[in-house]
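Protein sequence lines, in the order shown, are assigned to chains A and B.
Mapping of the first sequence onto the numbering used here: residues 1307 to 1676, in sequence order.
Mapping of the second sequence onto the numbering used here: residues 236 to 304, in sequence order.
Some hints here could point you the wrong way.
[To be verified] Here are the simulated DSSO-like cross-link-like pairs (lysine-lysine), alpha carbons at most 30 angstroms apart as the crow flies:
hint, chain 1, residue 1, chain 2, residue 2
1, B, K265, A, K1635
2, A, K1319, A, K1635
3, B, K265, A, K1392
4, A, K1652, B, K265
5, A, K1657, A, K1635
6, A, K1657, A, K1559
7, B, K265, A, K1446
8, A, K1559, A, K1410
9, A, K1617, B, K265
The set of hints was computed from the structure by calculation and includes no laboratory data.
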Amino acid sequence: MADRVVLMIGTRKGAFVAEASKSRGRFSLRGPFGLGVPVYSTLIDARGTPRLYASSCNPFFGMKVLRSTDMGRSFKETKSAPAFPKDDGRALVNIWSIEPGGRKNQLLCGVEPAALFRSDDGGDSWQMVPGISNHEHARKWQPGAGGLCMHTIIRDGQRVHLGISTGGHYLSEDGGETFNASNTGVGAGFNPDPYPEFGQCVHKIARHDAAPGRLYMQNHGGWAEWTGPGGPRPDIGVLRSDDSGHTWRSIAKGLPSDFGFPIVVHPHDPDTVYVVPLEPSTRTCPGGAPAVWRSENGGDSWSRLARGLPKKETYFTVLRDAMDIDDLKSPALYFGTTTGQLWVGKDGGEKWECAFEGLPPIHCVKVAVV
Amino acid sequence: MPARTVRAALEQLERDEPLLYRNLCDETGKVRRHLNVFVNTENVRDLAGVETTLAAGDVVTFLPAVSGG
């Protein structure tokens, strides 16, 4: 019976595992694992006996994948990490996403420079997925500030959605064999053409099983004041699709900023979605007062959730993978900050408490009840 | 290790110790950015890079630059 809430926290100095009872009263902390090495992606694979994974992005000795089979009490390197074929010409710079695949022990991994890898043995061996990694657009994608990263992998039956910064949203409808850019309605503020075929700086994409065809996207917003070629692009930052990602429309009205990184859907209500708006030019909390914003009607309107969060003089950033939500009856949100705080928002973000105040800068947070 | 250049030494390492090799070089065969390679006490950066020739008894050392913050 699942009775423990487990968090995997990837930081600039290694991975941490936090654990609490379902009351989520007090979290204990283990780690750091992969000490001193940046961790940009984690996975709690709850299929069967849980396995925990963390990318270990070592600037000295290259990329590793760490795996734990004892609920995060210890981690070991898998036998290999994703690597481009020798004659490809590209070299792995970072690992940005690790997600469960469609079969037992299958994992999918998004990397920098943007490419997709698959493992069929729980991370011990990896094969590049050519349909996207060798896509005709792949050599034309440009890196964003964080690098040219494939950060989002969403499976939905035969559909596979990928988020690439900056490449945009790519959609496969044949199980990942072939992909097409699917960015109709997704704006690119930094491009003279505000709506290119591809090249958008998508920050994160989310969906819910109970809402077939619907997707939410946090895109690179903050272009309402743009006066250059193509004119202003207000509200391009927070989007929704109702046709499996073929077309997108803005749902940013009512937010203090359409810039942000993470976007998360409530586990029991596909109409409830959360974002963390940031001031576009600095990527920090608007007015120095952090808040999570929630829509309970699929993005038609938004409300501010900040009870317990600092009210002033706070200028952290919440990165694209640094927010998650558990699936308990009354779920809690979790977000980590670039200033090393881990916040827990019980009752769907109504009440916030800081669980850890002094971790290294947090890149990613994943939660599971196991 | 019988090798006439640093590159030949790396190629032999790739065959004999692939896991160790992968820590030293990326997929393209390039020595990782933060590693310095010395032949005896000379950084190959100041010689001929990985084409630096080796003589019997030379010691090749890989040292990570302890950089970062």
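Q. Taking 30 angstroms as the top limit, are the C-alpha atoms of A/K1617 and B/K265 close enough?
A. violated, 49 angstroms
Q.
What's the verdict on A/K1652 and B/K265, does the C-alpha distance respect the 30 angstroms limit or exceed it?
A. violated, 49 angstroms
(Q) Check the hint pairing A/K1319 with A/K1635 against an upper bound of 30 angstroms on the C-alpha distance. (A) Since the Cα atoms of A/K1319 and A/K1635 sit roughly 33 angstroms apart, the hinted pair is violated (cutoff 30 angstroms).
Q) If you draw a straight line from the CA of B/K265 to the CA of A/K1392, is it 30 angstroms or shorter? A) holds, 11 angstroms
Q. Is it true that the CA of B/K265 sits at most 30 angstroms from the CA of A/K1635?
A. violated, 51 angstroms
Q | 30 angstroms Cα cutoff - pair A/K1657, A/K1559 | A | holds, 24 angstroms
**Q.** Given pair status - A/K1410, A/K1559, alpha carbons within 30 angstroms
**A.** violated, 41 angstroms
**Q.** Distance restraint between A/K1657 and A/K1635, which requires alpha-carbon spacing of 30 angstroms or less
**A.** holds, 16 angstroms
Q.
Tell me if the straight-line CA distance from B/K265 to A/K1446 falls inside 30 angstroms.
A. holds, 23 angstroms
Comparing the model with each numbered hint stated earlier shows that hints 1, 2, 4, 8 and 9 do not hold.
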